Amino acid sequence: MHTRDTQQYHHKKPSFWSILFDNLAFVIVVGLVLFCLQFAASVKAQTPDLARAGEMFLVSKQQRVTPALQLNTNVSMSIEGMTSRVSVQQAFTNNSSEWQEGVYVFPLPDDSAVNAMSIRLGEREIVGEIHEREEAREIYQKSRDAGQQAALVEQQRPNLFTQKVANIAPGETVTVELQYIQAVRYENGRFSLRFPMTITPRYIPGVPLGEMEAQQEFVTSNKGWADPTAIVPDAAEITPPYLSLHLQNRINLDITLDAGMEVDSLRSPSHRLDILESLQQDNLFHMNLEGGSAAMDRDFELEWQPRAGQVPQAATFVDSVEGNTYLQVMLMPPQVQASSAALNREVVIVMDTSGSMAGASIAQAKRSVEFALSRLQANDRFNVVEFNSDFHPLFPESVNASAANVMRALNFVRSLNADGGTEMYPALQWALATRNTDTDGMLKQLVFITDGSVGNEEQMFTLIRNDLKAARLFTVGIGAAPNSYFMRKAAELGRGTYTFISDLDEVASSMDALFSKLGNAVMAGVQLTWPAGTEVEYYPTAIPDLYLGEPLFVTAKITGKVASAFDVGISGQLQGKAWERNLNVTMTEPAAQKTTVTSALASYWARQKIAALTDLLQTGTGIEEVKAQVLAIALPFQLMSRFSSFVAVERIVARTQDAALFSSKVGNQPPAGQLLAARMAGQNLQSQQLVYPGTATPAALNLLAGLIALGIALCSSRWSRKQLFSINYLRVDRPARDIE
Amino acid sequence: MKTFNRYDLLPCVMLIAALLFWGQGLWIYAKAQFAQVLIADAWQRSLVQPDRIHKPWQWADTWPVLRLQWQRLDAASEDLYVLSGADGSALAFGPGLLSAESASSEGLKVIAAHRDTHFEFLQDVNTGDTLSLQDISGAWHDYRVDDITIVDSRDSPLIVNSSVDGLLLITCYPFHAVNPGGPLRYLVTAYPVPGAGISLAAH
Chain X
1 MHTRDTQQYH
11 HKKPSFWSIL
21 FDNLAFVIVV
31 GLVLFCLQFA
41 ASVKAQTPDL
51 ARAGEMFLVS
61 KQQRVTPALQ
71 LNTNVSMSIE
81 GMTSRVSVQQ
91 AFTNNSSEWQ
101 EGVYVFPLPD
111 DSAVNAMSIR
121 LGEREIVGEI
131 HEREEAREIY
141 QKSRDAGQQA
151 ALVEQQRPNL
161 FTQKVANIAP
171 GETVTVELQY
181 IQAVRYENGR
191 FSLRFPMTIT
201 PRYIPGVPLG
211 EMEAQQEFVT
221 SNKGWADPTA
231 IVPDAAEITP
241 PYLSLHLQNR
251 INLDITLDAG
261 MEVDSLRSPS
271 HRLDILESLQ
281 QDNLFHMNLE
291 GGSAAMDRDF
301 ELEWQPRAGQ
311 VPQAATFVDS
321 VEGNTYLQVM
331 LMPPQVQASS
341 AALNREVVIV
351 MDTSGSMAGA
361 SIAQAKRSVE
371 FALSRLQAND
381 RFNVVEFNSD
391 FHPLFPESVN
401 ASAANVMRAL
411 NFVRSLNADG
421 GTEMYPALQW
431 ALATRNTDTD
441 GMLKQLVFIT
451 DGSVGNEEQM
461 FTLIRNDLKA
471 ARLFTVGIGA
481 APNSYFMRKA
491 AELGRGTYTF
501 ISDLDEVASS
511 MDALFSKLGN
521 AVMAGVQLTW
531 PAGTEVEYYP
541 TAIPDLYLGE
551 PLFVTAKITG
561 KVASAFDVGI
571 SGQLQGKAWE
581 RNLNVTMTEP
591 AAQKTTVTSA
601 LASYWARQKI
611 AALTDLLQTG
621 TGIEEVKAQV
631 LAIALPFQLM
641 SRFSSFVAVE
651 RIVARTQDAA
661 LFSSKVGNQP
671 PAGQLLAARM
681 AGQNLQSQQL
691 VYPGTATPAA
701 LNLLAGLIAL
711 GIALCSSRWS
721 RKQLFSINYL
731 RVDRPARDIE
Chain G
1 MKTFNRYDLL
11 PCVMLIAALL
21 FWGQGLWIYA
31 KAQFAQVLIA
41 DAWQRSLVQP
51 DRIHKPWQWA
61 DTWPVLRLQW
71 QRLDAASEDL
81 YVLSGADGSA
91 LAFGPGLLSA
101 ESASSEGLKV
111 IAAHRDTHFE
121 FLQDVNTGDT
131 LSLQDISGAW
141 HDYRVDDITI
151 VDSRDSPLIV
161 NSSVDGLLLI
171 TCYPFHAVNP
181 GGPLRYLVTA
191 YPVPGAGISL
201 AAH
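These protein sequence lines map, in sequence, to chains X and G. Residue numbers are given in this note's numbering: position 231 of the first sequence equals residue 231, and the series is strictly consecutive. Residue numbers are given in this note's numbering: position 35 of the second sequence equals residue 35, and the series is strictly consecutive.
Hints were generated in silico from the structure; no laboratory data involved. These figures come from a predicted structure and were not determined experimentally. Zero decoy hints are in this set.
Just so you have them, the derived chain X footprint on chain G, three or more residues with Cβ under 8 Å: (1) 25-39; (2) 79-91; (3) 116-128; (4) 165-172; (5) 180-187.
Quick partial rundown of chain G residues pointing at chain X, CB under 10 Å, derived from the structure: (6) Tyr7; (7) Cys12; (8) Val13; (9) Met14; (10) Phe21; (11) Ala112; (12) Leu158; (13) Ala177.
Taking beta-carbon pairs under 7 Å as the criterion, some of the chain X residues facing chain G (in silico): (14) Leu690; (15) Tyr692; (16) Pro693; (17) Thr697; (18) Ala713; (19) Ser716.
Just so you know, even glycine gets a beta-carbon here, dropped at the ideal spot from N, CA and C.
Taking the hints into account, I'd like the entire structure generated from these sequences.
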């Protein structure tokens, strides 16, 4: 078409070269397209079979020791409304030629109510029973020594458990199944759920106690890498070994989500998923990990967002069980955007630069602090404190957020390296205590950026409880496997909120949400009014201040008979104005087969009660008194707690007394991007993990961009507008009188 | 010719952009090429005076620690000076040694370089080829290429056993990709040639 249109300009027969030259722009564009196509094809053709994930380079075959016990985990989650029922199956396979006892320290969500356990031996299933911790230990030890197959699950922290499986025959697989109930988090109109898979190495502060012979009898087979200290006497129980770098713990996930409302987006920020939408039922989704399984090197996260206009403002869930009523109430307070300029505040950023932050975490932490600094208002006062083995405040006291001060803070943060211990206590103590005449009367907000990998959580909680005063503490959990129990509880006691960041790409959105909370008014003094004459026990007993985007979430038990429908009154103060609302609750028909053990709401309520009772330890209640109260709930509700464990025993004796029993620790996988854990995993093999450097220059990209620019320049030049494109093009493009 | 009008603005801007892009791209190649000449000089000074660091130019934050040669019978060859450290500022001028402390000692040496400059030749390297490495004492060590693998850096962490004597060369893959941020890495593994002693003679 070009030749025809341009004919009027050529009176004599054109030579090959003149045609080529006249159409230079066209030739370049065609060449460019061909080049791109060829490049795309070559990339596709060259993509080879990738080496197996986790392959270890330059480590000779002899060094690749196979562990005696291999772990495979199968998790199925069933999410309905705001509750998730989860079954975790841990299969231990004995690859050695000896009888084995497996010891595995593993994480679970920090609010999980573990209410069932069983072991599977081939076709047989033995249901576990809940017992007082010491009693369960004795039962387990006795059957282990007698040669019976048995399993014991103990709680070390609300999010950290120990699994022991005795007498696994050579070549045999024993599967232990745990079931728990977890509440779905709902914030800023988005539902989310976390499932932890591995543990970031915990720092144990304090002076080692030396060989604690009295405790060693049971602990020897379970000795971790940390010695007990006066502050953390159970250090060995919470510092498990790491898998050698070439090995992996694999996990399969099978998730069913009954959203109950139209879903706008459903995704996992941490893993690639295969998502199937049910054709039979609306809003029902089924998910698996892409490729079937994944390495257990990071927390699994799932997020879903209801369609705009369907975002729930209130919800109640009711279960009538054995004459009592359990209910969950969710209510979104009105969302008022207050101007943050009105707030007179002091922001203290406390940043963890300990060894466990080395790798991806410190980069995420730095980016978070940079973001926080960029969000400061000119009339704010601020300070930055970094801590590892010691702590260093940038300024001796908080200063104005002037451009010069913020610049100094940015330079300070950028120069930090992650190394050393995690002496969190003195740093937080200083940050809570510091104040001067300028900051008197200001609202003090602490932003605490850490992976929370310490063993002295209780000590930290007591500090926050005692020293908080008028300040507010906001935790930001960093890394692939942060200590979620620490994050949530510290924020709860600090009357703030908690946020997680596991990827550099999440920093902006997560910190943005956090700073909206910091800058906006809270709903304070929330009170509940229950119908007169009802006996109600609800948790949390003191309703926390509700930040922007946060709902009120209460789990309650009503003892005895209640009306078939009643109102719960909710009131609070928002920006000095009283706010009130009634929430109507309609009872459902009591389900005959439901018991306090099978009802998710009853289990979750009991779990909340246990948490509240355990908190009494921080306010000076004796451990024996707390233990008695916890057991009075944990045993009838069949719940795991720090005072109650699950134990399952097979009656038949499997191992005869002439065969010896070996004890093997099953390692955790180093969390992704976590250099300290990777170093610990590599220690025994003298191996190390390096970071791939960027090994390509943008030179080719520059040349290509230059070529494209040249192509556009030629195509759009006056000369080629005339030559290459028809007069019609010019007529459309320019007014008629401009045509030459 | 007609006077300049607004329809000429786009081609002019694009022409300037094209020149800038090309300048930038060619500058990368030029830097990679010419820096090696200066580094060669610093390396010669290092061999004479191995007890101190010789920087190729005054403001350099890296210095040569090894010399790497590859030669085949069909006359294809490569001669490179390896710098300490493998961050972007070092790799612009030469291949970088990932852990600097292993330069003189026995053990694994991990060297990375850009796939479109210094390590472009890796696409022609075959298993069985010989790579020669000169350390700061002037001694040459021969390594035989044992394995060539391509990995996805997102799910294959770079785990090395630093106690094994060997050479691991890393570059990006595919070699002629335009986008520099791809996840694939090309790994060339070489082990010391058994029986081959250390030769002090120059190659």
